Amino acid sequence: MARWGMVIDLDRCTGCQACVVTCKAENNVPVVTPREAQAGRLMLWMTVIPEVEGEFPRVRARFTPRPCMQCDHPPCVKVCPVQAMTKSPEGTVSHVFARCIGCRFCVQACPYGVTYFNWQAPTWPKDLRESLNPDFAIRPTGVVEMCDFCHHRLQHAREEARAEERDVRGEGEYVPACVQACPARALIFGDLDDPNTAASNLAHSPRAFRMLEDLGTSPKVYYLKEG
Amino acid sequence: MKLTRRGFLGWTGAVAAAAAGAQTVRAIGDLQAATYEAELPPRGIEGWVASVCQQCPGGCGILVRTITGVEDGVKRAVKIEGNPHHPISRGSICPKGLAGLQALYDPDRLRGPLKRTGGRGQGQWQPVSWDEAIATVVQHLQGLRARGEAHTLLLMAGQVRGLMQSLLLRFLDAYGSPNYLSTASGCEAAQQTLLLTQGIAAPIASDLENSAYILSFGAGLLEAGWSPVRQARAYGHLRQGTPGRRGRLVQVEPRLSVTAAKADEWIPVRPGTDGALALAMAHVIVSEGLFDREFVEAWTFGFEDWRDPAGTTHLGFRSLVLNDYRPEAVSAVTGVPIQTIVRVAREFAATRPAVALAERGAGFYTNGLYNRLAIHALNALVGSIEIPGGTVIQRRPPLTPLPPVTRDAAAVRGLAAPRIDGAGTSNSPLASSALPWLPEALRTGSPYRPNALFLCYANPAYSVPEFVRSPDLLDRIPLIVSFSPFPDETSRHADLILPDHTYLERWQDDPIEATWGPAVLGLRQPAIPPRHQTRHTGDVLIQIAQGLGGAVAAAFPWKDFGEVLKGSLRDVAGTQRGLIMTTPFEEARQRRQADAGFWLPTYKTFDEFWSQVAERGGWWDPAYSFGDRERAFRTASGKFEFFSQTLRQRLETLARRGPASGGGLEGVLRALDIRARGDRVFLPHHEAPRFVGDEKEFPLHLIMSKPMSLASTRTANHAWLAEIPDVRTSRPWEIAVEINPETAHKLGVKDGDEVWLESPAGRLRLRARLYQGIAPEVVHVPFGSGHGAGGRFAEAWGANPNRLVGGEADRLAGTPALFATRVRITKA
Numbered sequence: 013m014a015r016w017g018m019v020i021d022l023d024r025c026t027g028c029q030a031c032v033v034t035c036k037a038e039n040n041v042p043v044v045t046p047r048e049a050q051a052g053r054l055m056l057w058m059t060v061i062p063e064v065e066g067e068f069p070r071v072r073a074r075f076t077p078r079p080c081m082q083c084d085h086p087p088c089v090k091v092c093p094v095q096a097m098t099k100s101p102e103g104t105v106s107h108v109f110a111r112c113i114g115c116r117f118c119v120q121a122c123p124y125g126v127t128y129f130n131w132q133a134p135t136w137p138k139d140l141r142e143s144l145n146p147d148f149a150i151r152p153t154g155v156v157e158m159c160d161f162c163h164h165r166l167q168h169a170r171e172e173a174r175a176e177e178r179d180v181r182g183e184g185e186y187v188p189a190c191v192q193a194c195p196a197r198a199l200i201f202g203d204l205d206d207p208n209t210a211a212s213n214l215a216h217s218p219r220a221f222r223m224l225e226d227l228g229t230s231p232k233v234y235y236l237k238e239g
Numbered sequence: 144m145k146l147t148r149r150g151f152l153g154w155t156g157a158v159a160a161a162a163a164g165a166q167t168v169r170a171i172g173d174l175q176a177a178t179y180e181a182e183l184p185p186r187g188i189e190g191w192v193a194s195v196c197q198q199c200p201g202g203c204g205i206l207v208r209t210i211t212g213v214e215d216g217v218k219r220a221v222k223i224e225g226n227p228h229h230p231i232s233r234g235s236i237c238p239k240g241l242a243g244l245q246a247l248y249d250p251d252r253l254r255g256p257l258k259r260t261g262g263r264g265q266g267q268w269q270p271v272s273w274d275e276a277i278a279t280v281v282q283h284l285q286g287l288r289a290r291g292e293a294h295t296l297l298l299m300a301g302q303v304r305g306l307m308q309s310l311l312l313r314f315l316d317a318y319g320s321p322n323y324l325s326t327a328s329g330c331e332a333a334q335q336t337l338l339l340t341q342g343i344a345a346p347i348a349s350d351l352e353n354s355a356y357i358l359s360f361g362a363g364l365l366e367a368g369w370s371p372v373r374q375a376r377a378y379g380h381l382r383q384g385t386p387g388r389r390g391r392l393v394q395v396e397p398r399l400s401v402t403a404a405k406a407d408e409w410i411p412v413r414p415g416t417d418g419a420l421a422l423a424m425a426h427v428i429v430s431e432g433l434f435d436r437e438f439v440e441a442w443t444f445g446f447e448d449w450r451d452p453a454g455t456t457h458l459g460f461r462s463l464v465l466n467d468y469r470p471e472a473v474s475a476v477t478g479v480p481i482q483t484i485v486r487v488a489r490e491f492a493a494t495r496p497a498v499a500l501a502e503r504g505a506g507f508y509t510n511g512l513y514n515r516l517a518i519h520a521l522n523a524l525v526g527s528i529e530i531p532g533g534t535v536i537q538r539r540p541p542l543t544p545l546p547p548v549t550r551d552a553a554a555v556r557g558l559a560a561p562r563i564d565g566a567g568t569s570n571s572p573l574a575s576s577a578l579p580w581l582p583e584a585l586r587t588g589s590p591y592r593p594n595a596l597f598l599c600y601a602n603p604a605y606s607v608p609e610f611v612r613s614p615d616l617l618d619r620i621p622l623i624v625s626f627s628p629f630p631d632e633t634s635r636h637a638d639l640i641l642p643d644h645t646y647l648e649r650w651q652d653d654p655i656e657a658t659w660g661p662a663v664l665g666l667r668q669p670a671i672p673p674r675h676q677t678r679h680t681g682d683v684l685i686q687i688a689q690g691l692g693g694a695v696a697a698a699f700p701w702k703d704f705g706e707v708l709k710g711s712l713r714d715v716a717g718t719q720r721g722l723i724m725t726t727p728f729e730e731a732r733q734r735r736q737a738d739a740g741f742w743l744p745t746y747k748t749f750d751e752f753w754s755q756v757a758e759r760g761g762w763w764d765p766a767y768s769f770g771d772r773e774r775a776f777r778t779a780s781g782k783f784e785f786f787s788q789t790l791r792q793r794l795e796t797l798a799r800r801g802p803a804s805g806g807g808l809e810g811v812l813r814a815l816d817i818r819a820r821g822d823r824v825f826l827p828h829h830e831a832p833r834f835v836g837d838e839k840e841f842p843l844h845l846i847m848s849k850p851m852s853l854a855s856t857r858t859a860n861h862a863w864l865a866e867i868p869d870v871r872t873s874r875p876w877e878i879a880v881e882i883n884p885e886t887a888h889k890l891g892v893k894d895g896d897e898v899w900l901e902s903p904a905g906r907l908r909l910r911a912r913l914y915q916g917i918a919p920e921v922v923h924v925p926f927g928s929g930h931g932a933g934g935r936f937a938e939a940w941g942a943n944p945n946r947l948v949g950g951e952a953d954r955l956a957g958t959p960a961l962f963a964t965r966v967r968i969t970k971a
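Protein chains in written order, with this note's numbering: chain A, 13 to 239; chain B, 144 to 971.
So here's chain B without its partners, still in its complex pose (with noise of 0.2 angstroms):
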């Protein structure tokens, strides 16, 4: 029988006149239960699969749940829920994490390969066979390596790490191009500040949770961060995980975020003046005499004035701060007040351990590597470096190396050739990729043109601003590759799309990279069998090297990436350290006994080791040695370096070798536009920050963050996290400008009035949101919504503030400078 909600309410009526009484209700609703039956989603078998999130950096540990339908017998992933064994998430999960479901089951996904029919950009496609899209693909590649332009193909890759970035390094190594390009920028400024200051090429990492007091200068602690899970578990610990003590967070940043809301003091400071602000900080430090002495005696160079074996007097940090960084000088600069500065300065010296953490808030300048030294200065000053509660730097899983490749001529040939953005020549000395010269390169062929484009979760004509504003300078590639599971902006442009398979659906390894400081390796493995026809990127690239033959195919002599994978894994389980994920108390136990001298695995073969892995989620390495200082400082003189023997050496090389710099480090500093001179220049200093836009015309700061659900470029197409774009405003489906009510009064502006936000690159209609949490000279937009293309959901909310982002860049990082940017604001 078959009943209608009205009809079932007729009878209920019937019924309840015949029989009455609170039991016959009941008895009804159990029978009309019966009737609602058929809405049920299948019912079937549960299951639960452990593997690796993959919606931002973090490498949380996950577990999927499944329900394989009894009657159709198709298996779902209908929850996503975090590991309990994963150390990094420890059974918590993000609201990211959460909708990786609308990842899987996204409606405008790509359900197979397809080539490009119409115009660049116009959309249309027609499907065709693997086969052929990597004949196709292999065609071409093959015709640019006969003709000796091997260099001319590019990668242009965002957040990829493990073996699949292996991979992809080594396809370009033995096809023979130097071209990878990574769209993570803000990773890349984050390893240079490391490398200056203890020579080591990685991600500063923090023990936040053991931390005392954290003193952030525009981290996104609790917004997307490098792991917002783990971010938010050592916030909960810091504020009451230990009874009886309660750390301190002072954030730092000209708009009150989510971090500085939940701080204890929210310091708004002046756009692009956080070093500044920082080096005053540092001379309250020094002139009152509350550094760490013997650390700063034992382990940094450069801290009093020093000579050098010619005999030349260099200047000294102490020295630097306390002739140009007074208090009352930089108070004007920053908009701080002198006592603020003062007061935090002796809070922080006097905490242990304290934490000064600089992030994209501070870093993304024209002075953004200077700012971020001179706040990893101040955890020098305070010894705050390999301590608990400190930086440390994160270790890695001892995977086993790949064979070493055999370049044939043609490859040898192709990787002398110079990299197309410049990246560590005197347009970005420091840089291994320099994404903002790349538009140049493009636009005047200059130093040649490239010819072919691979394109690995990048999205540039939505999050590099140039391509933004005119996607059309990727057309004058010939072939563009898209290995993107979504139809994305830049996919748009490509002539094959070769859809990888979702994050949900593939094998992969996942080690962490930029958290704290153990190695753990997560082990990514499909929840579900790939639900259409995508093949996963490892195994076409391996398909393209062996379709070219020769060395390429030589340097892939693999089946497929489970092949690589695996065999990547057994020095891991030949270490004869570390221990498979498992619950914390287990853990203990065998860390006690490791203490004890004892190494007593799981596992004795190594296909044990590979089930256990599988069934816990990966494997990690608890043990984290903290003040061994030979490891983290491998600069010339052994110790941190307030001045940078490193930046000296690598600006003076290029002085001598470069004509395109002409006029030696002079030459050099004006090409990278530093103001600085002598000694200063290797010493964290203060640079005047560039914006683009005259300051008459354009009189405010443009800012930009990423909220907790936008972090990824791809999650605006998922409708549970777009209908609560930021947890501040609790606005549906909104991203508005936020506008300080005292500058949108002088504008005429009021709260939720339409308004025109225009740069000298471009402009933006949008709603205006009145924010008492804002500088008055400063408006902010969320990044990570307002897309071109990518879905239905996607396409039809929000905006792109980089969109009017002008051209400026760090020139020294080789990032883009996203927060130089001046708007005006008029009303639509």
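So here's chain A without its partners, still in its complex pose (with noise of 0.2 angstroms):
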């Protein structure tokens, strides 16, 4: 069975954060207000964290693509009192918003800030409600949502290898939205356990880490240094 990851190629990221729109088109993720903003309200699922260090005229400045880390070991599963949070047979962590209470826990228990809990309930000017995304639910008011590797891609991709009676692909196949629009390349996605996916490669690459991967979390998303 295959095992969905992502690596992260910091080289390549040019911080164009074409990932972070593709995310809020494919899965309705809603637009807040500036004030909302202000307040932290903001809902990217795929974000880019910019960091700046140093002096003038010595400064470096990196920016890091941040989906969720599909962790193996996910703290937000275990906290999850009525099992909203799942991990599904392939490791894929997804959320499923008709079971969420919103205690938020898992908002306090993931590490890496990817959880969103929605404050209010997401509204959209008359015309912009044409646009949405009919494969994935609108969520309501006092539900968590995450990204979840755009699961819905992964159903589709799926019913097409039944009809043709085999599994889904290791490569190519099954790509979330971020993956596919990425301009630079910097995202490569793929089976994991297969050796021959790029994915996997890059993986055990001697540029290959994991964020902050002494937590025990073991994410399914790989960053590769700069150089």
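If you're looking for bench data, these hints aren't it; they were derived computationally from the structure.
Because the structure is a prediction, the values reported are computed rather than measured.
Don't take each hint at face value.
Claimed, not checked - Label pairs and their computed distance ranges (CB to CB):
id, chain 1, residue 1, chain 2, residue 2, range
1, B, R732, A, R141, 42 to 50 angstroms
2, A, P101, B, K709, 18 to 26 angstroms
3, A, E63, B, I481, 29 to 37 angstroms
4, A, E63, B, K893, 17 to 25 angstroms
5, B, E189, A, R181, 49 to 57 angstroms
6, A, L227, B, P480, 42 to 50 angstroms
7, A, G125, B, N466, 42 to 50 angstroms
8, B, E897, A, G66, 42 to 50 angstroms
9, A, N208, B, F728, 13 to 21 angstroms
10, B, A278, A, T153, 29 to 37 angstroms
No residue lacks a Cβ here, since even glycine has one placed at the ideal position from N, Cα and C.
Hints in hand, dock the two standalone chains.
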């Protein structure tokens, strides 16, 4: 069975944020008002974190895309009292909105800050509602939401594979929206257990590392250092 | 049964008590999914339409996912992805392209033609029928022609290209006005660089991904450049595309932009001194003998001192840089350490292929064109012209030319009139369009008063500094017609708005203009039928022309724009070159066949060609023959010209012609504010930049950038982009002024303080953000937000730094010097 994972090449990433916008479009993630955004209620399942260090003129800046880390030992799943946070047999962590009671234990537990709480019911101007993706539900108030590696895309790929009586291929057939959009090809996606995928090869690269690895969460998102 | 959330929770508790275990919880989850069904957008049948993006000039191929509702039968666009067949985007897309849905479904879009009822700029409108609107325009234009004032029609256009631009120019030609005004001023200067050095009026393109060393002077490679997706793809390839090789990128710019942040080295330079820096590097390359001798000897003109037929000796580029641009002297001017200049120059010359890029960061000063010339001279020194990894010239698709226009007497008379902005005269001898002089012409009524203005994808009241401050200058024009689909600033001053479709609803060709070598022709087609009572501007233009009758109508014999489009593609289908966009694998196969001398098209008839183009997104010709120097050098000498004979000829013609200049060449140079004299005028050199504002009173330089999310002035109304305006600061819905902490400390400004940014031209209230990545004497404000009109989101956030920009210009190039303004900061 596939174990889906992502590799993010920080040397290729240009900080363009195409991943951020495609994620909003694909998953019907609501836009918040400037006032809400100031209160820290911006919802970006995928976001690019900037870091600036040094003093003029010796300054460096770094951009790090941050989706859900899709941990093999996910703290959010452990704390969820209603099994809304689940880890599938393929290792993908996703969130069943219908079960969520809005306790926000997962928000506290996640060391990467990838879970978002719906403080308000999402609203769209009438015209913009037309462009919502019918593959994905809109979340109501009081529910947590987060990146699930575009699980609906996996379902779609699985249906097609099933029709041809085979498994979903380890590479290329199923990719999350962010991976598809990336202009610099900084995001690489595939089956980490299949030695023939680019993702599994790169995950073993000497440049590879994972975020907060010492916490024992064993994320399935790998980063490749610059240089 | 309708369940509320609260009710559901209570119910869950009851069920859970009755039957424990995970199995039950899962079952409830499934049950409850049904209750959310009502919140799902309408389901339907999926479709994909291949088209071309138009959020910026990049020309990326896109695939639009559509859902045709089962119940209501309405076709909706729900996602935009990159088109994997399109050679520019190859399946990727940038944030602006993705946000195109928010242009299509913009809640503040114009829904049909409008006529102004209130005063100019008040925004009071009344819907009119298309017939009535067109009749009004026709009547006014007929009146002008009858009075012999055809030349007083102005047409202002932004990033329009391909057939749509041909039609606009054709309309002016048939009607009789020389006044096509382009607001795309950055493109203009880029074209002139190539014109002066290589004799071709086209932007310089470069083969970035095959380069091993990119020396960029202010190019927004990873921000809003010519083609963000292609540039980002090329960057990724440069870094990690070839195993064992990692190309280098060096960025010269006064602030740590995204490109500078991703570069191996960032060289902060004093504003307006990029040209001097490039020439100092040339000094090092020449004095150490690191230049490409073979190329320089065979393919350049004016490197060594030379003697003309009359026997006069002229200054060569070698002597110029050796005498005038010693690194020690230039270091003092640019603020770049001597060691850095020497080291980077050596690296640049030692690494092949290397390419030097000159872009807006180096070009938007009063000495912009000379800076660009100096930077392009570096390419010639190392022979990086027309080689893989060097600069190239974009080829154009072989479109069928439109039939020639037969001009009537009124048109001939109108076209004989001088241009209203004086482009091509001593105002700006090289420019085809010189927008900085239009406000003055409107104010003084000289050379004449304009009587009508058409606006096509141009919003000068937002993008041209003088019009930002006084949009009422436009009110002196009796008839303003806007074709904008959105209620932008300039359209508020219009008498009539005849809204175009958005780019996701219309047919259009999209030839790539300045990206890299091969000819690429994308086809834009409607993803969904037009949502409102809008009309294709091409159709409207044809209808206006036909309404005018006579020779003008005869020049527009078509039914609609679609007919023009199909007709123009016939030659492309018949050219026996190139291929329909396809997968890289299929492409490689076809190219091998072509190399073996076979051209096996996938189509036999034009109809087959058309349907394949529409299905795949376009046509392109991957063949690009590098090293074809005869094609690349069309100058008088047939070589790359360090000493520009084109410039010399233009200026001397002007000196002979104009009484306006007076005093021959000296008078022309004085009118253009060029300080150099003698041969230096025609060579790349450093002109000391001029700035608006006294240094003591206004101690800081204002520079601007176009961040990735705000490349076109129209994207500010896309909420997705407003949430992520700048990746470096990551602050939603905020445009701030960036200040070096040292400078801020002296002014007593803390991070997040509200400040006044003041220039001699105006002031702006903004939040201050302290940023280590900016030179102490410089402040930076991103451009693209802060709209006074254009929609609920656009009007809610940001600030427009153009409000502060003074009236300086690069007079030689005819482009506004947007970075030539000094400012001061006071706490608000």
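Right, here's what the structure says about each hint:
no. : hint                                   : verdict
1   : R732(B) to R141(A): 42 to 50 angstroms : holds (45 angstroms)
2   : P101(A) to K709(B): 18 to 26 angstroms : violated (54 angstroms)
3   : E63(A) to I481(B): 29 to 37 angstroms  : holds (31 angstroms)
4   : E63(A) to K893(B): 17 to 25 angstroms  : holds (21 angstroms)
5   : E189(B) to R181(A): 49 to 57 angstroms : violated (21 angstroms)
6   : L227(A) to P480(B): 42 to 50 angstroms : holds (43 angstroms)
7   : G125(A) to N466(B): 42 to 50 angstroms : violated (59 angstroms)
8   : E897(B) to G66(A): 42 to 50 angstroms  : violated (27 angstroms)
9   : N208(A) to F728(B): 13 to 21 angstroms : holds (18 angstroms)
10  : A278(B) to T153(A): 29 to 37 angstroms : violated (52 angstroms)
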